[in-house]
Every structure is written in structure tokens, then in C-alpha cells.
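Residue numbers (numbering that gives the first Met the number 0), protein chains in the order written: chain B, 0 to 481; chain D, 0 to 481; chain R, 0 to 481; chain F, 0 to 481.
Calculated from the structure, these hints are not laboratory results.
A hint or two may mislead.
Since copy identity is lost for identical chains, a pair holds within one copy or between any two.
[Unchecked claim] Simulated crosslink set (SDA-like; lysine to any residue; CA at most 20 Å straight-line):
#1 LYS329 / ASN203
#2 LYS334 / ILE298
#3 LYS407 / THR224
#4 LYS334 / ILE207
What follows is each chain in one-letter form.
There are 4 protein chains.
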Amino acid sequence: MCGIVGIADAGGVSFSLYSALYALQHRGQESAGIATFDGAVLHKHKGQGLVSEVFDESLLASLEGSVGVGHVRYPTTGEKIPENIQPFNFRFRGKNIAVTHNGNLTNTADLKETFEKRGQIFCTTTDTEVIGNLIADELRISGGMEDAVLHCMRILKGSYSVVVMLDDVIWAFRDPLGIRPLCVGKLPNGHIVCSESVAVDALNGTFIRDVRPGELVRIDATGITFRQIAVADHPAHCVFEYIYFARADSVVDGRLVYDVRRHIGQALSENETICADLVSPVPDSGIAHAIGYSEASKIPYREGLIKNRYMGRTFIMPTQEARENAVRIKLNPVKGHVLDKSVVLVDDSIVRGTTSRRIIGLMREAGAAEVHMRIGSPALKAPCYLGVDMPTRKELIASDKSNEEVRKSIGASSLRHVSIEALISAIGMDKNDLCVGCLTGVYPLAIGCEQCSRRRVELIGGTYQSNLGVFKEVSEARTSTK
Amino acid sequence: MCGIVGIADAGGVSFSLYSALYALQHRGQESAGIATFDGAVLHKHKGQGLVSEVFDESLLASLEGSVGVGHVRYPTTGEKIPENIQPFNFRFRGKNIAVTHNGNLTNTADLKETFEKRGQIFCTTTDTEVIGNLIADELRISGGMEDAVLHCMRILKGSYSVVVMLDDVIWAFRDPLGIRPLCVGKLPNGHIVCSESVAVDALNGTFIRDVRPGELVRIDATGITFRQIAVADHPAHCVFEYIYFARADSVVDGRLVYDVRRHIGQALSENETICADLVSPVPDSGIAHAIGYSEASKIPYREGLIKNRYMGRTFIMPTQEARENAVRIKLNPVKGHVLDKSVVLVDDSIVRGTTSRRIIGLMREAGAAEVHMRIGSPALKAPCYLGVDMPTRKELIASDKSNEEVRKSIGASSLRHVSIEALISAIGMDKNDLCVGCLTGVYPLAIGCEQCSRRRVELIGGTYQSNLGVFKEVSEARTSTK
Amino acid sequence: MCGIVGIADAGGVSFSLYSALYALQHRGQESAGIATFDGAVLHKHKGQGLVSEVFDESLLASLEGSVGVGHVRYPTTGEKIPENIQPFNFRFRGKNIAVTHNGNLTNTADLKETFEKRGQIFCTTTDTEVIGNLIADELRISGGMEDAVLHCMRILKGSYSVVVMLDDVIWAFRDPLGIRPLCVGKLPNGHIVCSESVAVDALNGTFIRDVRPGELVRIDATGITFRQIAVADHPAHCVFEYIYFARADSVVDGRLVYDVRRHIGQALSENETICADLVSPVPDSGIAHAIGYSEASKIPYREGLIKNRYMGRTFIMPTQEARENAVRIKLNPVKGHVLDKSVVLVDDSIVRGTTSRRIIGLMREAGAAEVHMRIGSPALKAPCYLGVDMPTRKELIASDKSNEEVRKSIGASSLRHVSIEALISAIGMDKNDLCVGCLTGVYPLAIGCEQCSRRRVELIGGTYQSNLGVFKEVSEARTSTK
Amino acid sequence: MCGIVGIADAGGVSFSLYSALYALQHRGQESAGIATFDGAVLHKHKGQGLVSEVFDESLLASLEGSVGVGHVRYPTTGEKIPENIQPFNFRFRGKNIAVTHNGNLTNTADLKETFEKRGQIFCTTTDTEVIGNLIADELRISGGMEDAVLHCMRILKGSYSVVVMLDDVIWAFRDPLGIRPLCVGKLPNGHIVCSESVAVDALNGTFIRDVRPGELVRIDATGITFRQIAVADHPAHCVFEYIYFARADSVVDGRLVYDVRRHIGQALSENETICADLVSPVPDSGIAHAIGYSEASKIPYREGLIKNRYMGRTFIMPTQEARENAVRIKLNPVKGHVLDKSVVLVDDSIVRGTTSRRIIGLMREAGAAEVHMRIGSPALKAPCYLGVDMPTRKELIASDKSNEEVRKSIGASSLRHVSIEALISAIGMDKNDLCVGCLTGVYPLAIGCEQCSRRRVELIGGTYQSNLGVFKEVSEARTSTK
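Bound conformation, chain B alone:
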């Protein structure tokens, strides 16, 4: 997962991009980068670590220009090599280009092979370089980003919210299914396009609206324009953004994430028969769900676990055993709250079950009489191929275990997940407009042998006429041109 942002602002963009990346830091902590264009030269700085670690004042001051893009990257299991840090930038026939991407392509290998057949080499192992090549490939023929994005939407499979700087213009587009979020805002002296609305808030801007699935946005000194490039019969917004990934204070595709989570918590409390003394979140991911649960159930909200606010990303211990025990440095159970009490413990999801098992263990060691685990997502049954870093099916504890088996495995007194229906109701969209692949194993586009509830996508726009030959075999699998 990643966070992306593009800004056009006559007063300079580097400090604004930095602030926006700060607001999007939860979407990626492995690396960060910014590229700006000052009318003549592309400036950039990228590095491994948090935004606060990668940039300093003199670096930001040196990133001159009135347009720019930024990126934060998630520590996926893949290759943490310096070349992969985004923005991915290059010069092509006199133009300076920087590409940032949030999402995951499912046909990267095919596309790379097609390019390599004509002798092309790839300097990184990212999807983003493939997108950069596709754009360059089309720019050389038609010269325009509209056509290049049409080309992308014809060719690319998977999820992709993309922000591109092409000399002094910012272009942004969202895949036709709108899987990953993307929105635009008005700044005092310009415009911003970014993964989540919190980045607009951070700059004291005004939220305009979400970018529509299949839509292309153009931002520069003169303002903002929109153009629909492709239309799907149904979008496939990722439910996991609401459950866990997006910040609680973001508004994603029209819904305040905090309220979705609070409503999930309320739904979880319905039909409860247990009689608990307190509701406690697993911090920080379960807080909004737990508040909702407490509100609906009238069971007092009280923190049973206190999180250490100073945990660096590395906590050093000499042995594996010591590292595992270190959970109590990170999360300290409040004995005075849980001793001899029946606790409803609320978390957003269970992935491998390891963390839940440790936390419930902590609560029991602290004297909790009962630990009732309530989960703000349905059971995770299948992997995500569309941008959320989730383990394989085999590692997902619920993929082949019943609820009772999971309960025993994690040691809870009782275990309940929210139902898919209640989740969808809390989000407030039509079920067909969401991607629930990780919950059902049915994905909104064809991925290998997985089941698929395919959307129909139509491309819009008459100027498109270019290098179909090269990629014909790839593109037909998924799109049709009006």
C-alpha cells in the first residue's frame, strides 16, 4: 500500500508535499520521496524511512518549483531496494516525468515480457516503471496524456491510483473500478490531488470531491479540469480501506471512515448475550469500533491496554523469544482495569491470529476473568491481489478454520466477527460497488484461477488510435472500446 499526492501551487510545493505526506504516512512507512519541477529542472529527493527521517529543511528548500508529486511506500515483503523508491522519474524526449502509484497491477509480468521482447530493460522491480513505460510509449505517438491514460486503462489490469508530473502539469487518474482512493482539494493558491482527504485538511484546503473511477484529473497553475476516460458498470471500492487502512478522519468515497467503524462497532454489539464490565479497544486500530460498541451496548468504554507512544519501528532484543515477549513493551495491560473483569476486546481484524493470541494472553496474565474478542471485519478468507499487503491464503487463520477453531487458537472466551452484510450496511454502499475479495474469494477482475465477478468497462474518447498492435493480446482480456 502507498500514499500519493500531487500539488500545483504558485507559491512553491515542497513544504506542502511534505505536510501532505506526513498526513498520509500511515499508508506507507518504508520510504518517501518528492519530485518537483521549476519550469526547467526536475528536483527530487527520496530515501528510506519515515517522512520525518527522509527530509530536512535544506532539502525541502532545494526542491523548487510550483508543481510536484510525493509518495510514501509500505514495507511490503518485496524488494526494498533504493531504485524502487518513488516517485519514479525519467526524462523522455525533452520532457521531465515523475510517476507515483498506489495499487497493484496483476499483469506486470506480461507487460514486462512484452516490452522486453522489443529489447527494453527495466531499472526497478516496480509496477510504477511499467506504467511510466506505457505512458512514454504512447506519448511518443500521440503526444498527449489523455491518450496515454486511455492507453493505460486499456492495458493495465489491477488497481492503480496514479499521480504523474509531466513538466509543469500534474495528471492523476484512478483505475476504472476505483479500487484505491483518490480525491482532490482546493488550496489557498492551488490544487491538490491525494490518496485521502486528511492531506487536504493538513494543508488547510477545501475538499472538492473524490476522483471518479476511470477519471483523469489535470492540475496546473491555471486550475483543475476533469475528463472521464473509462466507465465501469460498477466500481469496486476496497472495503479494507474502511476497516483498517484509511485514517479514521478521512472521508473516502463519501463516507467518514470513523463513522463507518463506529457503526461497525454498533452492529457488533447487537444481539450480544454476554454481560461484560468494560469495552476496550486494541489500540489504535480498534478504537473507533470499540467506541461504537460501547455507545450501543452501554457497557463502559475503558482502555484495558495502553500503547507505548514511543515505539520505534525496530525494537531490539537479543533472541527471538525476547522479541516475542516484547509485545508488553508495546502494549501494557492495565491490571487495575481488567483484574477479575469480563472484558469485551475490540480489534479491526484478525490476520494470522498471532497478535490476537498474544494480546489475549496479556489480558489473562493481568487477571481478566473473560476476554470476549469482537472483530470489526468479517473473517479474512482470501488474499488481496489489489494492493493490500496481506499474507497468503495459507497464513490467514480464518481461511480454513471455523470461528470456534479460531477462538480456541487465540484463547478468547468468545469470538465474533461483524457480518459482511453489517459491514456493507455500515459503509452504506451497494454490495456490487465494493471489492470484498479478501472476505469472499470472489474478485472484481480476473486474477489467475480465482473466482471473478467481472465488471464491464467501456473506454471513452475518440482520439485514441495508437500502438494497439504491440499490446493487443494483453488488452483484449479486459476492455472494450466504444
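Dock chains D, R and F against chain B, hints included.
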């Protein structure tokens, strides 16, 4: 303010000290240090920054030994010079000594002058070096730490919880008024003495008890022993530890801090006449108070401000104006929660008023109809000389302003502080056993021209016979020997 | 200018590559990099700075594999961007490739344009990526490095000594004119190909021979093989390697550099009419020439300037004036040697004249009666387009000034350069086998509007049959196929 | 060994101190530090590493003030702890003091014990803190630096050149025997006192003269004054400064070091019976000696070993064997010069013999027929207690071996050292004015059980009247008061 810890553990102490300092990181973020003794050599490492920044695995592995002390230091306005980073260590007549100190002496200048009169120089600008000198001064005559601590308790004025490593023994003592916290715990293979019980929890230890005011603790491979060195008629535990400083999950002098804060919140909700839609904390310091308020008032608890969990200690902005606006990178108001709503906003205290003013501004810009500020401490009227880094009287907004003047200044719809009585009741101690200097301007010991409600302290122990001459004039001001 | 190396050694290569780069450090101090291949994975590390700054023990230990390549890069005026640090590595159709290059192509822009015409993008601004693309372009068709190198020799214009790692084989080739040096050596357990023989010495290896112009070398676990790919009627070895660039203890194309310089110094002393007290080198570049001068002239060799051995690459001064005066921190005249003396001062070359002027100034301030400047190269009249970082014609002081004008400008008592004939005689080769472009303005291949004494190059090898179409227009300018 | 410097210059001193330390870097590479005083505040920065690594421009710009002192420290085997980095600075009774010291005290332990008896603690393990304490001890009584230095000269045993900043005045003094060098110079806007004259040269200053043994210098904005504090019947200048330690271009106690070494080389060539082809130095320490040898013997001077100019202080190798072989990365024999030749190899000294053995091995592997080792010092027979970091007597190869045994051990064809008489003659002083302890085992002051050729020292100055009592037993051992 600082956090201190000492550990004796036959299995090695450096990783345990590191974990304990992690748990005490909230008590000081400027610098950190560890010193250990391996039977022959004192090992140490100190540096500026967070515990996670100062230490790495190879450093910790090199800090060998079965006893050690650690320290985290608060960014006071004073001198951030490398020499001042603790532990303060030195060799004296063949012994290796490392001293860590939490608190503030009020007679440092006098003591330094006395020492300088006999030709002594000071390498640091800390109180801790003075304590080190006093200990050495006495060790040279009587040779024992009991006498040295008796000497300290005779001479030192102010607050001091101290942990000393003297070769292979850990000694710890707390000033006769018990102003700063200190407690001891049993570890699987040893013992720990530390500022707060969360450090015992972090090591999966068992809390034994608080160190008594005026008490000396001795820890080594053979176990733990206690000895009372001085007794005061009343202690003077700092109320600000409960209001703000200590971690919510710590038990300080017998009280779970979280519950004290929750009870303060409950007390704040009594006799309210306003009709609010939600109770929101200022994160993170107002959370427990706000939960208590919500619980007692039945007004729903909902976060109106979301804190960015990734704020480094420096946030870079090119201008002062930009830096001030940066509060919205750190705290984002949740428009969906506060728009057109009447909000009870709960914080732990108001110091200069600047932060409250900005936060209330954020809430109003986000559309809050009313912002009722509720404060978990009585108005701060006077500075702290005893270890809390607080501004001068002039800078304290409540020192010369009425409640209504402060309300106007910060822009709240209404403003209420908890009363001193309610605070004391929430803590659950006798008023005479607490230091409320910052609330009343009356301190538990003589400090310059400030008012004083002096405690009577008696020194215990017959072996004491040493260098009274040198410090007689200093010591008589405060103690009497049986 | 750069230094390159490739090693195959069953016992591991990273520490050997590191030692070899140390020995080649004089060829480039801006950045350094190593790539190795362990049979499955390509490992690499690159960074800005000296070899000693870029690598540490754990990094080297992590660079596993029995083949590898390394590179040190010269601080050219061009783009110091991280992407440009070599080796340039990529994966192509399942193969791991790393390319290192010493030299300068003169048709990079043309080649890039050709590639961009078919939609290709470039991640770096180096010649090396172009070479990587050419190799990939050919590998995809014929699959073999022999053909790929034949393709390169057909297409590339300029100077290029190249070492490529293609999975577990090291391939190295030298342009048909042999402009930059390249040689091979036998190691205790493998083979090395490197820019200069000092790298063979550093590994206690045995020098085998120089790589022939137009020759391809293949090194792997099984041994070393050679294949002639192209043959020129005359090579064009760079004279500046002998004058300045190569290390004095290297043997380049059969000549010990130290002896070439000593013979230049001897030649300089012929027909002298001045009567000097001592001969002093400008350290370190003039030492061997000065020793030769002293030996032939019988004037005592004595250091009149002592170089500070601790000068970092940056010497900080607050103002430009202070920086210019800082020459005396770097070079200190020995007053006791030069006071009232007539000094013969020997340096390797004069570029802009700035340094000579400053040094002569230092000597005069120290009291030298006469400073007779003797230069180990003929006057530099024209720029180098083939890999030596030299200023433009305009900046070369001798390009438009007579010897007497230069003498006045630098303030010497007298000034003499070695003649081209004496230089060539000291090198001991045929004049037609050397590149003397910088001395005469006549280059061994066509470069823009410059004069050219073109060599005839014939390509060897029957299997070549591939993508001539694409690059036909480029290649015909320079080569013919038998 | 260390390098020290003090500067008073109305235009600011930090950049000048930095340049001076650069010039003195050969005297110490472990750490560096600067302290300045701006009339109100003492600024300082210290760190481990070379001057170029410890300071950057913003640090230097922040070291404000028109007086300051600096220090570079040698990597002795002792304690490399941050506290030990000089200048040693402290505040004492309102005054800011910074002390730098070159030399070694032989009664540190006694002095520390005396201070500890009165309860004093030491923060560092340096001699310098003892000197700081002595100065403070006296300042408190008499208030003046003249008396404090008189006190030091009465009490201190050993070698000590000291530069002290006391608020806005620089004080410097040299022990009564003048063991370590110290000199003063005039700068364009001020004055400098420093270990060697090269630091004066580096600042384009004018050398004034050496500080006399037992003399005190005072430098401030108003100028420079001198005062003789103690007078010895004979000084004891260290011969090793001439042989190895000082820079060749320094003038130490009236002698140009380069010329001393050249004369030593000339003396070495007398009465030679061997017939060699070339004279080669071991770079860099043997260069001046070898030039002298060549000049007198008429055997050509030619470098048989080329030193790698880029060796960092650490060269990484995975095994001890690999590290030992790494000598050939540092020093490369020039096969073309030495093959089948008889070589006179000149070095400054032989300590353990290890390096000589390796270098002679390199020469033989490179094909040298004969290697005649000529050494610019007499055989080292005894350790140095007075500031040169030399191994114990046991480790000195010549302490218990005959010349023939040493020759065999290092593998030379023949071995000759310069005689003590020739060394003294090359220096040009009276034998009684030099310290030749390391050559004869007879030292100029009493050190443990070593033999001693004691000097008589008289203290000058009537105002002295202070705390004789405290240190009487210590001081009587060495000085008498007129």
C-alpha cells in the same frame, strides 16, 4: 523531568534497562544513557535522542554486566550539552560510580560554591554531578553508602529520586518528602528500581511497592534490602504526576493514574448545566479524563481530533507562521463529528494557553457550534521548582487572569477547571501529603521568597559522624538529627 | 574518468573487489559500487564517496557470490545523481546484468534518440545505460554476448572499456582503438579484469597482459578466454594516462608509468641553460618527473612544498577568498629549502594555470629567488572528448596563449613543456598508436567539427546477423563488416 | 601525542583554529575539539575522528568569539571515551576555562589520589583534568594564572605543553624541560600559540619564536607577553620529534625538521661499503632521510614502493590473515624498479619490526636482489613515558636483540642505524639539551625505577604563596623555590 532505573540481574541487564527506558520514555525524550558494571569494568553508552535512536543491538550487547542503571532526560530549557547526559559516571578511589537523578535541587548553586571554595571543578551543569560529589565526599570518610545517603539527605534541598551504581551494587533513594516517584519490582532473576511501575510491567516483573520517602534501597545479586534514612512528618507527592506526567497505566504511590484521571473527569461533569452532543479528549493527554467525563455525564465519547501518530519531534516549516499552522498536521479535527455540534473538549491542563487557543480554533473552523473546555487540573498559578519543566509565573496564563479572562483568551464557549478539593479526592490522599505548589504557590520546603508549608524531617541512623563541618551552614536549614 | 574491475573467484569476490577498487581509487572519488551474483541473486551496494566510506564489513559480507564487478566514478561536472552510480544493473528476461564502463561515448544523444523513438525510457543520464540497452537489445535476438559486443563495437562511438556481469560470467571488452586501459590477471583462485595492473598487484595476483583493443574477454569459474571482435589499423592509446591519470606503479599497455614519467623528466632537463639550486616536484603529480629531472641534471632533488596528508575532499572556509588562500593548508612551502634559492619546480601539466600561479606565488612568498617551471606534458591545446575530465578549449590556458604569455600569467621565472616528440619517445610507442587529441586538436575518430585522423576498424565474426535495421544509420559512420 | 593551539584574533577564531588543527593533524587523529569564548559564552564542539570529519561549516560558524583553543588527539591505547576528548572545559567561580595539553604526566596517579583524599571526583581519565584542577585550585586562592602556572610547574612531573583559555585570554606554557614543542606566531589580526610552526604557516602568519622551556605566554586582543616561570639548567627536547613525529616542514626549537632528517640520511651513507642500484624511502616517513642518503651517496633516488593515497584509517578484511596481506593495498612495490636490483631502503625507525619485515618481504617478492635497510634513528631500547605512544620495552625489537639478530628477524640483506652521535650532530644541539630516553634508557627526570639524568629546575616569581601544604609532599620531589 527524567526517568531513572536500576537493575541487578545475573543474566545481564542491558536489554532489560533498554526495555525499561522504553517504558519510561514519556519522562524524557532529549537524551538517554545506560551504564553497566561487569565486575571489573564500567561500560556505558549515552546519546541525544529517543531510546530507539540512541541504542542499537551491538551497543547493547557490548554493555556487559549483571548490574546497571539507565536514564532518560527531558528537554528542559537548560543546557543541552553532551556532558549533561546521564548516567553521570566517574571512578573514585578504585570504585566505579554511576549516578542517575530525577528531580530538581534548589540549593545547587550554594553547594557548588561550597565545593568550589575548596578548589573543586564541575564538568557538567547538572544537579547530578553535585550529588555525585556529595556521595564521593562522604564515601572517602566513612566508606559506606548508608552514610553517604544520610549525608545527601542532610545537605540536599529539593526533589531527588536517585539510583546509583557503586561497583556491583545498585543503591536507590527517594527524598524525605517523596516528591518524585520511585518503586521496586521483582524480576524473574533479579530486582528493579524505577521511576514508574510500567517499567516493572515491561519486564514482566512483579511490582513490590513504592520506595518510601526518605528510604534507601540496596539491590544486588543477593536480593533487595531497605533502610529508612530520614522521616518526614508528611510527604509531598507531586500532584502533577497524576494530572499529566506519569503514564496512565502506572500505579504511583498506590494509585492507578488512569483511575485518578477518570475520577477527575467524573468530578468535572458534576453540576454541569450545558447540553453537549459529544465529549472529546485532546489526545493523548485528555483521554482518561474525557472517558470519565463521558461515563458520568452519559454524553457520548467521540474523538473530535485525530492525532497524527507519525509526528517526529521536529516538523519542518519555512516560516514561523507556517510552523504555527502546522498544528493541523499534528491534530486533525473530524468535521463529520463536530460540525454544528456542541462539544465538551477535555484536556489535562492549560499552561500558556497557546495550545488550547489553537485547538479551539481548529474546532471552530471545522464547524463546531460550541466548544466547552474542561480541564483536568485546577488553574496553574505558580511555577514548579521541584522537577516539572514549567514556565515562569508570568508565562502561566492563569497566574494573573480570572477564569473568564482565560476563557476569552482561548476562545472557549465555557471553561471549567477541576477544583483542588476534587483533585485531591480523586487522588485519594490527605491534602497535607501532596505538593500543590503549582496550584497554590505554597511549597513544601523553603524556596527563595516563596511561601512554604514546611515539613519536619528527622534523620535516622547512628553511624553518621562525618564531614559536618564543611556543609554545616547548608544543612541546618532543613534537617535535624535525632 | 572511472575505474572498473571484474573478478571470478570461487572463494568469494566482494573483499577482493573492494581491495581492487581501493587500488583504483585515483581513477574516481565521487562514488563507488559493487555487484555480485551468487548463482541465484544479484547483490549490490553503491554509494557516494570514497571506497572506504561506501563499504563496511557487514555490507561486504552480504555481497555473496563467486563473480562480481566494481566501479569507482570520477567527480565530473555532470550529474551527481544517485541513479548514475555504477554498476548499472537490471534484470532482463531472467538474466541478471551489471554493467561498468570507463570512457566516454560521443554518440550517446543519437543512440538515446533512436531508442526513445521506439518508446524506451532511460532511468539514468549515463552512457552506461545506453550500453546496457544495446547489449539487451542484441541478447534478445541472438542470445549471446559475443554478438552483443559485436553489436556494441558496430554502434558505439567514443572510448569504452567495459566490464559486464551476465549471471555467473564476467565479460569485458575494450574499444577497437584501445583508448582507455584494461588488463587481466591471474588470482590464486580465479581471474581479474581491471583498469590498471595495480589492482592485480593489490590482490597478490599475476599480471597476464593488457586486453587488446577490440578484444572480448570471458572469465568464469572455468578460466579465461579471449576473442578478437574488431581490429583497427592503429590503436589510439590515451597519452594522458601516462602523463597524469594512471598510477605511477601501473604498467599500461606494456610501459611502467613511473618510468615514462622519469624519462619525461630526463628529457625536460636536456639543453637547460639555467643554473638552479634544487629540483622540487609539485606533490604528488610531479614527483616521478622531478626525480628524472634531478637524476639527469645532477641538481639535487629536494621537496620545496610539503603536502598535508590529511586534506579531506572538502576544506571549509567562510568566504571565497579564504578558500583560495587555503592552498597553503594543503601545500606548505619549506622556507628553509627555497629562501634565496633558484628552484626548478616540476609538475605534470598546466590546465587552467590557476594552480600553478598559486603555487609559484607560495614559493615566492617563501623567498625563492627564481622559480623555473618545468611541465611533464606538452601544452594542452584542445579538450578531451574521450573520457578525461578536462575543461573547454576556452578555459585551457595554453589553447590561445604563447609559452611566454603563459609564463607571465603564472609568474614563473621561466617555463618549459616537454615536446610531443620527447613525450612519445618517453612512452616508447609509434606516434600513430596514441591519441594526442588534447595536444594537437586532431582526434582518432570523428567528433563534431574537430579534426580527425580516422582509424579503419574491421569487425570480425560470422555469426552476426541481427538488428542492423534499427541502428544502421548510426553504425555506418564508423565501422565496416568483413 | 597531541597537537594544541590557541588563537586570539578580533576577526573570529574558529576557522583559523580549524585550519591550524588541519596543519597539526599528524600529531593526533583520534579526536578533535575546539572551544571559543565570545565575551559571555563558551562555545565548543568536539568529536571522534579527523578534523575534516568532526567539523562542518555551520558548526564552525556557531563557534563564535575572538579567542579560542583547539586540540587533536592521538589514538593511544588508553581510553577512547568521549569525555576524554579535549579541550577539557568547565566553569569555575564564574570563569569559563578550557584546557588543552600535549605531553604525559608521570605523577597523575599521585595527584589524583591527593585530590580524591579531599573528596574530589574526576570525570575523565586524562592528565588534562588534573591540570585543570591544579589551575582551579590555585586560582581560587591567588586569582591569577601566573601563580596557577607556578603552582603547576611546582607540582607537575612529566612533559606538558599546555594552552588554556581563561575567559577572553589565552595562556600557554611549556614544561621547564621543554620536552614537547610549542611556538608562537603573529597573525594578520592577532596571535597564535601552537605545537608546531606549520600551523603558523597555514594561517599565513609570521613565526615569532619557540616558547622557552618554563615560560608562560599570554595572548589576548591587546597583544602577546611572555614571562619566565621556571628555569632548568638544561632542557630535554624530545629527539623523536625530529626523527619521526614533527612534520618535515616544521621548525622545532630552531631546527628545520626536514634538514635534520636529510642530514641523518647523509650521515647514514657515510662509510657504506655496499654497492646499491637505488635508494628508496619507506613512504612517507623515510622520504627526507632517503633524499639525504641519495644526495651524499650519489646512488639514484627512486621510489621502490608506492603508497596508496586513499587508505582510510580502517581497511576491512574478513580474516586476520587477509588484514596482514593488506599491506600490499597500502604499499605497492614497483617491480620495474626493484627486479634484480640492490636496494637501499630507508625508514625513520624500527619499533616492533613487524612493518619492516613485511615491507622487506614485499620487496623480495617483487624481485629485489638485495634489500639494505638503513634507519634514521638509533636502535630504540626503552619506552617513552613522556608523550610518545611507544610500546613496552618487551615489544621493542631492539631492546634485547643485537643488530644482527634484528637484521635476521626482519630479513634484510644488511641493517644499519644512525648512531646517537650522528643523530645529535644532525640536530645540532648539545647532547645534554635533549631527551634520549628511548635510545639510552636514561631519562631527564625520575620515573619509577628508570635511570635518570636529572635536571635542576628553579622557580621564579615572588608572588607565589599559596596552598603549598596540600601538595607539599608531591612537589618537593622535583623543584626548588628561589
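Inset, instruction - State whether the alpha carbon distance between LYS407 and THR224 is at most 20 Å within one copy, between copies, both, or neither. - result: Answer is neither; intra-copy 55 Å and inter-copy 44 Å both fail.
Legend entry - Within, between, both or neither: LYS334, ILE207 at alpha-carbon 20 Å: This pair counts as between: shortest inter-copy Cα distance 14 Å, intra-copy 47 Å.
Legend entry - Intra- versus inter-copy proximity for ILE298 and LYS334 (alpha-carbon distance at most 20 Å): within (18 Å within a copy, 26 Å between copies)
Legend entry - 20 Å Cα threshold - placement of ASN203 relative to LYS329: Classified as between: cross-chain Cα gap 12 Å, same-chain 33 Å, threshold 20 Å.
In summary, the structure is inconsistent with hint 3 from the numbered list given earlier, while agreeing with all the others.
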